[in-house]
Amino acid sequence: MNFTYPKTPGEAVAGALKMFGESHVTATIWKLSVAALAASLAFVFYMLFTEGHAAFNTSSDGVNWGSAIATYVFFALTSSGLTLIASLSMVFGFKQFYPVAKRAIWLAIITLIAGFSVLALELGHPFRMLWAMPLGMQVHSPMFWMGVFYSIDLVLLIVKFYLLWKDDWDSGFSHFIGAASFVAVVLASGMLGLVFGSLAMRPMWFGSATSLFYIISGALSGAAAIVVSVYLAYGFDARKIPAPLRSLTLGDQLPKVFATLIGIVLVFLLTRIWVGLWSNQDGMEGFVALLHAPWFHLEVWVCLALPFLMMLSPSMQQEPKWQVTASILVLVGLFIERLQFIVAGQNVPMFKGTWMNGVTPYTPSLTEWMLVVVGVSTALALYALGERLFNLCAAPKECMEGAGQLAQG
Amino acid sequence: MAKWGMVIDLEKCVGCQACTIACGMENNRLPGENWQDVIFFTEGTYPSAQLKWFPRPCQHCENPSCMAVCPTGATYKTEDGVVLVDWNKCIGCKYCMVACPYGVRFYTDEKPLIAPDMRKVYPSKDDHSWNPPWKMPDAREDWKHGVGIQPHDVVSKCTFCYHRVSKAPPGTPDLDPQDPKLREFTPACVVTCAPGARFFGDLSNPESNVSRMIGDKRGVRLLDQLGNKPQVYYLTGVGGAVPSNRAIHKKS
Chain X
1 MNFTYPKTPG EAVAGALKMF GESHVTATIW KLSVAALAAS LAFVFYMLFT
51 EGHAAFNTSS DGVNWGSAIA TYVFFALTSS GLTLIASLSM VFGFKQFYPV
101 AKRAIWLAII TLIAGFSVLA LELGHPFRML WAMPLGMQVH SPMFWMGVFY
151 SIDLVLLIVK FYLLWKDDWD SGFSHFIGAA SFVAVVLASG MLGLVFGSLA
201 MRPMWFGSAT SLFYIISGAL SGAAAIVVSV YLAYGFDARK IPAPLRSLTL
251 GDQLPKVFAT LIGIVLVFLL TRIWVGLWSN QDGMEGFVAL LHAPWFHLEV
301 WVCLALPFLM MLSPSMQQEP KWQVTASILV LVGLFIERLQ FIVAGQNVPM
351 FKGTWMNGVT PYTPSLTEWM LVVVGVSTAL ALYALGERLF NLCAAPKECM
401 EGAGQLAQG
Chain E
1 MAKWGMVIDL EKCVGCQACT IACGMENNRL PGENWQDVIF FTEGTYPSAQ
51 LKWFPRPCQH CENPSCMAVC PTGATYKTED GVVLVDWNKC IGCKYCMVAC
101 PYGVRFYTDE KPLIAPDMRK VYPSKDDHSW NPPWKMPDAR EDWKHGVGIQ
151 PHDVVSKCTF CYHRVSKAPP GTPDLDPQDP KLREFTPACV VTCAPGARFF
201 GDLSNPESNV SRMIGDKRGV RLLDQLGNKP QVYYLTGVGG AVPSNRAIHK
251 KS
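So the protein lines, in turn, are chains X and E. For the first sequence, position 128 (counting from the first letter as 1) is numbered 128 according to this note's numbering, and the numbering increases by one without interruption. For the second sequence, position 176 (counting from the first letter as 1) is numbered 176 according to this note's numbering, and the numbering increases by one without interruption.
Because the hints were derived from the structure by calculation, they are not lab data. Every residue gets a Cβ at the ideal spot worked out from N, C-alpha and C, and that includes glycine. A hint or two may mislead.
[Stated by the list, open to error] The calculated SDA-like cross-link candidates involving lysine to any residue, where the alpha carbons are at most 25 Å apart (straight line), are:
no.: 1; chain 1: E; residue 1: 144; chain 2: X; residue 2: 120
no.: 2; chain 1: E; residue 1: 167; chain 2: E; residue 2: 209
no.: 3; chain 1: E; residue 1: 135; chain 2: X; residue 2: 51
[What the hints assert, rightly or not] Chain X regions said to be covered by chain E (calculated; three or more residues, Cβ under 8 Å):
no.: 4; stretch: 58–64
no.: 5; stretch: 115–127
no.: 6; stretch: 198–210
no.: 7; stretch: 280–289
[Unchecked claim] Chain X is nowhere near these chain E residues, computed Cβ spacing over 10 Å in every case:
no.: 8; residue: 116
no.: 9; residue: 138
no.: 10; residue: 144
no.: 11; residue: 196
no.: 12; residue: 221
Looking at chain X on its own, in the form it has when it is part of the complex:
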């Protein structure tokens, strides 16, 4: 994009306000997402002030964690995945991924902020958390460590983005922050998996595989987010994409990474459902319910298997429209996955009893859906802001030149 990027905070604020009067794809996203954010946030706050968290459809005798937690998990893991994508070039030396590194870091920051925002509105006392968790030092709690690692992750991401903003791609400190960020994000997303995986009384969640699944499926949602974002930045017109970036997206590198990740996630999902259906262990009944849910089939076949085939097909994998379609389907599929995984783990009652005799039903309330809109619009608004204020396509000069030659040659 041919923007003039601001150099001072004052210019940045002016640039953000100016965007309301501009007409290009990024400005349209900015205006729509700010409007959606304002409307959804106003609704959520109104409901929280009048009804409190009773506006949610979660309940003590059924599903305690609903769509708000699923939205947080979706964004937190997407953020982790984006950091992993950025690490490909900045930690592991796959230089062809440099053109998306800065964009991935920015998206990682904003998706984490979107996730934290939704979580704060779900928690009973978010401000109390700020002192009670550090002072409590509950080292046995997976949630405590999840908080520690994601906080470290956010700080490291901001530092890294600041360094990239200052064009510091190659200093020792910049490399150190990149490597530390990679470690933090593996620990954070793995620990988020353990928040669920540690619970033996919830057999559908239990086990270290949940942690591994969260890391890998997070990488997949990160990869999908970066593809959508790249095409979004250029109005879905591949001809406008600069050469180095084009060589990455229109070559077979990104589709290959994408297809591999979808494939691994599919293996995880299908082996999990196999174990769930095959095992006679008490508490696995939720898998039968899952198999009868249309959303589950939409997720597995339409949102994951179909994109997998698209990204394997030589005629489709390098076509921008199919890449974008596959990415959007994957993002939708992984959101369904987060929601279904979290709900299905809770809606099998612990034992027979008066108050529930089957799988507990749960459908998010309007307030909970609005909270999803808060998360999505926060991410989109901050994305547009980043696109306009920072040069998200920036990459090290030598890499841009080399990749440019590759694209031309």
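We have chain X already, so just place chain E on it with the hints.
For chain E alone, kept in the frame of chain X given last:
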């Protein structure tokens, strides 16, 4: 230091729910938000189907998973073996509710189980979540131990009537409601139980009545396979039972 525990004789329990009502009145519960409940379930099929039931307070586990997952330390275990929630530290994340195998934890701000919503009929003007006319004396309220009417957006649970039990004379082996000297220290559900199915005492004292009953009458614990080691034991005898599995049949 005592390790308080409860024994419930299912052969004596008639499922009258007097314990549930007594608990609700003693602890100012919202209608339907039963810290203590009697759970009914069926075993077998016609013509040999049986209706069974068991009272279910918080199990006050030896290894409470709710305490292990709490990120702030709001859920804790006292020296005398009671699992409590400090409402001043609870952030309302509900992780403890997800991790409790017994479904005995309640979030304050939810859709009312029974209409009308008593929180709106008796609204609170301060930090309390509501202001019922039948509440316990203010002097007894103790948010650090999860006793009284809770504030908004925290998790609450059975305290074994900690405001009573914690004042019992040290060294008491059993809190027998038949003994006038001990009655005021005994949990409300035990005091009110008409058929005398509930017993409360010190599990660490091998001479206590509760320890003897668990040994002599083969006390069992709910979902013992999970390893939480509840401090609530059930005597099933010939006719009583606790459910050993979940409510639904996988293959059906």
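message: Run through the hints listed earlier and report the numbers of any the structure violates, in increasing order.
response: none
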